[in-house]
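Asks: Here is how the chains run, residue by residue.
2 protein chains.
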Amino acid sequence: MPLFGALEAGGTKMVCAVGNEKGEILERVSIPTRDPAGTMPELLDFFRDKGLAAVGIGCFGPVDLTPQSPTYGYITSTPKLSWRNYPIVRRFREELGVPVGFDTDVNAAALGEAVWGCTRDVENSIYITVGTGVGVGVILGGRPYHGMLHPEGGHIFVERRADDPMPRGICPYHGNCLEGLASGPAIEQRWGRKGIELSDIPAVWELEAYYIGQAICTYICTLSPERVIVGGGVMHQEQMLPLIRQEVRRQMHGYIQTKQMEKLDEYIVPVSLNDNQGVMGAVQLAIDAYLAEGGTL
Amino acid sequence: MPLFGALEAGGTKMVCAVGNEKGEILERVSIPTRDPAGTMPELLDFFRDKGLAAVGIGCFGPVDLTPQSPTYGYITSTPKLSWRNYPIVRRFREELGVPVGFDTDVNAAALGEAVWGCTRDVENSIYITVGTGVGVGVILGGRPYHGMLHPEGGHIFVERRADDPMPRGICPYHGNCLEGLASGPAIEQRWGRKGIELSDIPAVWELEAYYIGQAICTYICTLSPERVIVGGGVMHQEQMLPLIRQEVRRQMHGYIQTKQMEKLDEYIVPVSLNDNQGVMGAVQLAIDAYLAEGGTL
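Order-wise, the sequence lines are chains A and B. Here our numbering is used: the first residue of the first sequence is 1, the next is one more, and so on. Here our numbering is used: the first residue of the second sequence is 1, the next is one more, and so on.
Hints may contain errors.
Copies of the same chain are indistinguishable here, so a pair counts whether it falls within one copy or spans any two.
[Claimed, not checked] Straight-line distance between alpha carbons at most 30 Å, and here's what the computed DSS-like set of lysine-lysine pairs gives:
{"id": "1", "residue 1": "Lys259", "residue 2": "Lys80"}
{"id": "2", "residue 1": "Lys80", "residue 2": "Lys263"}
{"id": "3", "residue 1": "Lys13", "residue 2": "Lys194"}
{"id": "4", "residue 1": "Lys22", "residue 2": "Lys50"}
{"id": "5", "residue 1": "Lys80", "residue 2": "Lys13"}
{"id": "6", "residue 1": "Lys80", "residue 2": "Lys22"}
The hints are simulated quantities; they were obtained by calculation from the structure and are not laboratory data. Keep in mind the model is a prediction, meaning the values are calculated, not measured.
Isolated chain A, as found in the complex (with noise of 0.2 Å):
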């Protein structure tokens, strides 16, 4: 049986993992992201001499994911500035002889719970993460949706609730967008402390709900998903996946009516696959480089 190496590339750290047709997940190293200087090397070192049939990586972005163009596999225009307009998928293709299958972290993870985890029954589905940023990941006739560059869900614009605390929000970019509203950064800005110390205060939840539960419904009248699926660090507060439900189904109104609104537990859910969505989700997009370049399972 083949095995493909997979990398979820995220702005704190690399998460580096061989896996199998199965999904199984055989061997998983996390490296912190320093600079591509630093930070290249090690995570080559890893993928060498392993006897790989592919790579499929998952990375922070924006990313150019555009098969035409003259920077594809090439992250663009991050904040990250060490590693801004860098040839990710040439510099692993080149280094190590093997097909690179390449998208977004989140996408990614999308793609993974698609496959094999909580979202593998339906065709159309989104991954949101809420953490450090926020993130959404597509899930489109089940392959990871595109278009013009790649969807930027985290910053969608959000109505900043009269009564919050914060008077703006913390994007550079946005101000009040959900990331500028419910990131984890925000919350800690709003209240003076990071989320973990705050878990029993339940205003602070109920609002943090409330920004994602209008996401979610701004998702459902765009992206029109199948199932939604929620993560990242703030959903580590066990409170919140009951108070986003809520908050769904009170600003949404009752205007969309199908069976998945009527059970918001089965549409609404948490990630299936213990944090290892993300490299699942890579190994995916490996088999898919793999298979592109005449590869047969």
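Chain A is already provided as a structure; the job is to place chain B on it using the hints.
Replies: Chain B only, in chain A's frame:
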């Protein structure tokens, strides 16, 4: 050459047409929308005995587009009570005995533009109409997109501008959604006169462009379209399109960097089919239904 019937079913008028596989409209009439008992016989009389190979319907909604559903082809939770739970597709099928294609009015219009109009060179596009209501048709991978239900992009939440003289949007479901703040009736409610009488008051259109521009930013961050068409009654104000482009650029604040975003004149565009985009899209729905049931061109 086979002939195809096309119905653009709207809340105030029904546009009936006959077209061919080139998208040429050979005949076209408009009938006021009353209740089904009054209107349906008129519609069926128009289409009967014309030797049509199939009929396509682009319909006001919400509608049920799920082929496996027992209420497929029904108009569902519309506020137009006499049409609620009306099986429009089945009636056409039974009365005319030909294949019937079916989608939302806005998806049909988006499809018309995608097949014969200004989005025929891209795979992923959206069509926004701002008038009595606000609707968004979505074409992904060249086909009308549905997902769980179908996009209802007029009902995304937007942030009310602090200096908006209207304290709250007028949508009975959502208050400050795009339709609640930017539809024709919202303009009339805010300024005390119909939009058509306000053409020479810049503040009216600057605020309107603020909301539409904000919504387009949200569509870009979710649906990532390769082109955005804006139509509907409000867009008859010729000052609107440049103002909308300006707001998209200002509010997106350089976050999404693509070649399309550098040329907003080519990215955010008016309708191109002279208000026939709806019936031309319905012709394409008819063609698709005809081919799906074994017809040949």
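Asks: If a hint holds in the structure, say so; if it does not, say that too.
Replies: Hint by hint, here is what the structure shows:
1. Taking CA atoms no more than 30 Å apart as the test, lysine 259 paired with lysine 80 passes between copies only; the shortest distance there is 22 Å, against 43 Å inside one copy.
2. Taking CA atoms no more than 30 Å apart as the test, lysine 80 paired with lysine 263 passes between copies only; the shortest distance there is 26 Å, against 41 Å inside one copy.
3. Proximity of lysine 13 and lysine 194 under a CA criterion of 30 Å is satisfied intra-copy only: 20 Å inside one chain copy versus 56 Å between copies.
4. Within a single copy, lysine 22 and lysine 50 get their C-alpha atoms as close as 18 Å, which meets the 30 Å cut-off; across copies the closest is 56 Å, which misses it.
5. In this homomeric assembly, lysine 80 and lysine 13 come within 30 Å of each other (Cα to Cα) only inside a single copy, at 13 Å, whereas the closest approach across copies is 54 Å.
6. Taking the shortest alpha-carbon separations for lysine 80 and lysine 22, neither the intra-copy value of 34 Å nor the inter-copy value of 51 Å comes in at or below 30 Å.
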